[in-house]
Amino acid sequence: MSGFPILSLMLAVPLIAALACLFLQAKAARSVALIATLVNLALGVVLWMNYDIGGAQWQFTERLEIFSGFSWALGIDGIALLLIMLSVFLMPICIGASHAIEKRVGEYMAAFLLVETLMLGVFMAQDIYLFYMFFEAGLIPMYLIIGIWGGADRIYASYKFFLYTLLGSVLMLVAMLWMVHTAGTTDVPTLMAYNFDSKAQTWLWLAFFASFAVKMPMWPVHTWLPAAHVQAPTAGSVILAGVLLKMGGYGFIRYALPMFPEASAYFAPLIWGLSMAAVVITSLIALVQSDMKKLIAYSSVAHMAIVTLGLFAFNVQGLEGSMMVMLSHGLVSGALFLCVGVIYDRLHTREISRYGGLAINMPRYALFFLLFTMASIGLPGTSGFVGEFLSLGGVYQISTWAAFVGTTGIILGAAYMLYLYRRVVFGEQKNADAAAMPDLYVRELLMVVPLALAVLWMGIYPESFIAPMRADIAALDARLARAKPAGDSAVTLGKAMPAQAQAAAHGGSH
Amino acid sequence: MDWSHSLRLIAPEETLSIAGLILLLIAAWGGDKASRLISILAVAALIGATALVAPALCSGAMGPDTSAFFGQIHADAFSSFGKILIYLSAAATLVVAPTFFDRFGAMRAEFPILVLFAALGSGLMVSAGDLVALYIGLEMNSLAAYVLAAFVRTDGRSAEAGLKYFVLGALASGILLFGMSLTYGFSGTTSFEGINAALSGGLSHGALFGVVFMLAGLAFKMSAVPFHMWTPDVYEGAPTPVTKFFATSGKVAAVGLTMRVMLEAFADQADAWRQIIVFIALASIVVGALGAIGQKNIKRLMAYSSINNVGFILVGLAAANVQGASAMLFYLVIYVAMTVAGFVTVLMLKDEAGNPVEDIASFAGLSRTRPGLALGLGLVMFSLAGIPPLFGFWGKFLVFRAAVDAGMMPLAAIGFAASVIGAFYYLKIVKVVYFDEPVDVIKGESDIWHKAILVVTCLFISPLGYLLSGWLQGLTDTAAAALFHAL
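So the protein sequences, as listed, match chains D and C.
With my numbering applied, the first sequence corresponds to residues 1 to 510, in that order.
With my numbering applied, the second sequence corresponds to residues 1 to 487, in that order.
No wet-lab data here; the hints were simulated from the structure.
Don't take each hint at face value.
[What the hints assert, rightly or not] Taking lysine-lysine and the BS3-like style, the derived pairs with C-alpha atoms no more than 25 Å apart in a straight line are:
id	chain 1	residue 1	chain 2	residue 2
1	C	K443	C	K428
2	D	K103	C	K296
3	D	K160	C	K296
[Stated by the list, open to error] Which chain C residues stay away from chain D? Per the calculated CB distances, all over 12 Å, these:
id	residue
4	G20
5	A54
6	L171
7	N196
8	W230
Every residue, glycine too, gets a C-beta built ideally from N, C-alpha and C.
Bound-form chain C, shown alone (with noise of 0.2 Å):
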């Protein structure tokens, strides 16, 4: 293993912590009116990021060639999948967040460079290979999360949500470090493949402690029930493109670390943890469609969609197996696709003086006042709850077709069941839509780069991105057995 290998596989987070640097001195002197030159710049170092990883898709690499720094980092086609999907949507973010915070004078010059350093630990998230490689890459992420959930300092939600969400992260952080010290001291070691080929034997009780806390703790960053509470306070009181980073990226990131380390680390203990993965899906799905119900505010109402959709992802991690975990990617995709899109539109619903509008009984009639963004709107709903030939429908049939065949049939047919619930209330915001009588409050321009990204979005949630499933299932498919590869 020499050095040069090593740093020719972490190329990406190279350039995106050089950039993030460089960016930073630029701010340092150019100040907040540099802003908008260190978000073009930041996309371009994303985007460029984006370009260095997605060799290792499309080559399909993967075994211990990829692992860089004896096995810390995996440079192979799984963790290439996920940060392409990190990257482009911290892109999104970036390129949607200028128009929000000029209205409040916020748009700062740290703004682009906290989500280059964000994007950045999400990326080392999906491609630990170590538990200290995964803890450094989470806290990378939470730190510059928790700081920009509070980013609009003027406002008191968004610095409770800030407050919140680091008094809670914190003590998940915790819980996960606690739950990787019971692992390391049972097993050892700290590394994936060294903690698998310790546990070969079994689990003792102490190490299956391990696994629940550390479940718990992965559990809490990627809002599944019952480590959620904190979403809904959290998505809507943080400032909006930082919401949608965290329902995308951090979503991301969040799911592809707990398939490192469920799949990983604990690859041949699939049996102890597979009931409490069953128990947190059909949770998530359950308490995501019930909580959403009785929400007045899209955001909080996105938030629990975001759990409820948590639960369907883990239905693909029940299964334990390649074509779960091809499954979960593909899921992944679908879902980024679509919360884009929601967030987008949500971005573009404002009033006539600027001001965004959250309350969803003021989009009544948005049919006929705006056509265009009801059917965006529309669309991303029906998406969301599943229903064909829209998009959304594929990642739950994957997900449901990978329990089916690993033999999971109640978990399928209760989870399906059950969104039905979720249904209810995307179909609460069609109905406000297109048929309540127009009140005409949503009034305000949007953009052209929130017009490009809603139809770049709703085309691919579409019909048509059926058309894009034999390619994305071959990138899917690589990607999950280099996830089984790795070790």
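This is chain D alone, in the form it adopts within the complex (with noise of 0.2 Å):
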């Protein structure tokens, strides 16, 4: 596959399709659009299968010297691949649940592919001015998006989601700006490697974390998501919550750790700080909501900040919990916001008090909202276990505080999960037309079912996702290993047993 521009193609599918749904008809848009995103998966199954695994660290690289000032420079590692998979896996079936959706079919699928291209580019982009530009842009769809097709409220949720991350990222541009101008060049690999001096670090990655934290959301600066989610569609949502979240995590992952270590490990309190505060509070907070996605879209808030307390636990499990966090939350917030769609279709509420009981109507819809659920409570076996575990594993070694705040996200978490489960699928059918919803249609099925497939897959063999990462968390915690800053749980290795014990204390199992 060497030489062939894949990655380019994956950006071009999408965006000639948006192009061509300007123009087309809602039916033949609907076509065209769910045509293109299933080309882009299978492309990203091809980029999967072609990866390979302990190679070099960049691969698919592309480099074309088009612009002035910067380049189209593409490439992925393991980190930026498993991102690009679940854009492209989530892709298909937030056009899939657009069924609802009847004003303006043309353009609301434009919009989509459109951010699916940004999204692409984001995670692909090896020119930190190109990463830039794929960075803001995606904010143009978005506020279309939710603007057009939203609820209520959805004039002041764009509004805020615009202007909230446009401060953050111009912030972050005039850091990149003297990055460039100091490194002297925009590759973003060299920059990986390039060590600033530590005092300037301090300012950049300020910038930067002003960009990332609002992307993210990091508390006290997430008031956006809410807004935004409960305003937006159900496919809007389902892409904010499962991709777009991700790339604040990414940012972080990519640019601030490790071109900043020293100001990562200064600022080291600061992110546990604020994660253990999100936590707790937002948790709280989605304890009371009457309304479901603005439920789930607390707990994604929860959530990341269980990714931020992994992030900046600067060893290897903690980067690679957070990686499983973000990976198992694209899917399974992205799910439940599918399930909160489903029933928002069939009765055009999202009170939790105007649903109960639908176990009896809904036996089907029952089974996987289970699994859901237990997926975002963290569950063993399901997705959600394996990333909370390691990245709270991780900061532990570190922080102890940090860790036991972090924890009682997880108890928290399955409070108001099935407190919510409880109160629409169990009880009893207070309400006759809720009770007279049907269970999923096939089309529904087939949404929901590839997702709680990827999400036990996750669960129960992690090991495909965290083997293309392995050696580029491994990079990055060598590169953070100079700054790290000393642990307070002060964990001692046990004293490992003599080789022979240990082969008869095997039993052979090998």
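Take the two lone chains and join them into the complex the hints point to.
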């Protein structure tokens, strides 16, 4: 496959389809969008198949010097590969979930396909300015999606989303300008290895933090997220929670951590503090929500806080765990928003109290909803467990307090998710209209079954997902080693058994 | 320095002057019936003049060979760059104007000729190498501009705009002239080269006052804060094609002139005037953005947007080096394209009877009644807001990169953060056009020329524009280098 610009192709397919959708009627636009996203999924699978685990750090690289000041440089490592897979996997499901959209379908599909191109671009870009462009440009289609197809309070939500994220990003751009001026290159791999002056790092880190913290979103700048989620259409929520939030985490892991190791260590307590606050506060807020989407939105903030805890654990477990939480959260929160969308399409309300006893009339729905609820809580065997366990285990080595408070998030998560599930699915059928809702249609099954399978796959055999990024995480860990803060957990290694005893203990199970 | 060489160097100006005089004669005999013919000929003259100045830019002309009439006029790559922008946007004005004026029956034969002379004056401004040439160019431009602002005599707003522009413009010219006389008094020469040499030992108090007063006059012409007050009123009142002309040609000329004065006459005194520019730039960005938020009229909004944009352009001037100058020129190109697209859209927004609609609330739901027009407006607004991947972003990027490279981090950080305020009101237009329920006021048909210009400019500000970035960067670098080699 060497030399074939598969990454550019993956960017071009949705872009071309987006332009086509602008000129097409509703039905044709739906088909074009679905085909384009499926083609991209197929390309993604090809990409994964051809990704050489343990090979070069940067694969499928492309470089074209067609602009002044920056270049069209693409390339992926294992971390980017997984996030790309998550995006291309969720996109066809989003298009399928947009069944209820009836106004301006062509424009809607165009906006979604454009979002796909830009998201993929963020994960693929190897030029820091190209990255910024993709990163920022995503605002335009998301602004339109929330503003045109959102619910009642959509205007406010769209402004909040746009201006919050823009303010964060422009500060990052100033920092990027300075970095490129100092390092003399826009090439991301070179910048990742460049040692900036540790005093300057502080400022640069803060600027990047301003952007990624808003995108992530971290408490207390998370307030745009519930507003945007509640107002966005189902598919918009899926993409927002599933992939767009991951751009913040990706930003930390690709830019803030490797480029500014000293500053990252210096500010780690700040991140822990904010994450701890986020876990507890947003979980408690989620507990009292009466709106299903808002509840899941707040749970996203709590999960993202586990991600930041793991990222700033400065060890392999923490980093791998964060990546796994991001992937798992992408699947699970996307699936939960789909589940909400399914019943919203039937009853047109997100009020939890309007539902109840759905297990009676929608047994299959209840099953899948339960699976995703458990995955969100982090039950072993589901995707949520692996990541949360690893990242909390990672952070324990460096800050016991952060690990302690972070773990309460799991308990609180169980509380609000089970409470939600009980109110919606169990209990009496209080409302006749809710009791009359039909079970999942085939179209809806086609969307939730792949998600359910992926959740189980990730929970039962996470090695498939950890293997591609192992070398990259190790490289990042090695880069961070020099700045690693001392841990307070005083973990001591146990005494290793003599080799013979060990072999005996395993009892020939090899 | 022989006369024939000088006369050859100012061939574009000669073309325009002679064409203007001939067209005046045609107007005298043909009357208003001939206005369409005159428009066509004027556009031809402008395009001819563009063709005449283009070689200087392509060949990167700079140095003493390009200086005509003992340094009065520099026909170098920099002035060539400015003139191409000025002439082309003047031509675009003439192309879109007739449909607008015909409706009032106000299309008069003088209009194209005035635009021609205003463009000639603007061209002189960017090529001036001497205070006298500067002032002649400026007044030639202004005189024509005052008349143009008041061109629709039956419209009270237009007359008001003309009068306000004239009174305040005369005041600003006076301030500028006062600054020039101080500069002359303390340096003993009117040539930029001589001034720079005379002040090389440092600025005396008198010369410093000269710089400040000259900057005040120039800030007025650029509509930079705190001398911006006239802009919203004039932009709103003047006929829309004229507003477009002010916002494009006028702006290029004023910015180009400021660059000439600051980077040639006071080139070695950058430390003295940099703080003034930094203040003007930041104040323009903030005031332009805040002022625009409350506006209900699209032309007033565009006026505040132009104040805002001047602020961004001046960030490049604060860097006071070749990179900064090059970034300013690049920004100007993109700004002209965005402004042309913006005003052409405004011209196309007409109700059923063909009357222009300027009230922003009337654009509600435009995306459903006129999707093409709405897309154009949306692109312009996102581009003006500087959201990548639209080309408007690249202009901002370049000026701030120049500022960062020159070590002015706080300026870049504050300026960029303030650009978020600007994004708010651009988003408001997008919101009205895309999110609100249609009111279906906009029904008027537009002619093919408007559409053509809109499509070309929108393609330029779309991400496709980046494909031209390498080529344009080469041109702006050449032009900026010429500016620094003019001495």
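A quick look at each hint next to the structure:
1. K443/C - K428/C: holds (22 Å)
2. K103/D - K296/C: violated (28 Å)
3. K160/D - K296/C: Holds. K160/D to K296/C sits at ~22 Å (cutoff 25 Å).
4. G20: holds (38 Å)
5. A54: holds (20 Å)
6. L171: About 37 Å separates L171/C from the closest Cβ of chain D, which puts it past 12 Å; holds.
7. N196: holds (28 Å)
8. W230: Given a closest Cβ separation of 30 Å, the condition holds.
Comparing the model with each earlier hint shows a violation of hint 2 alone; every other hint is respected.
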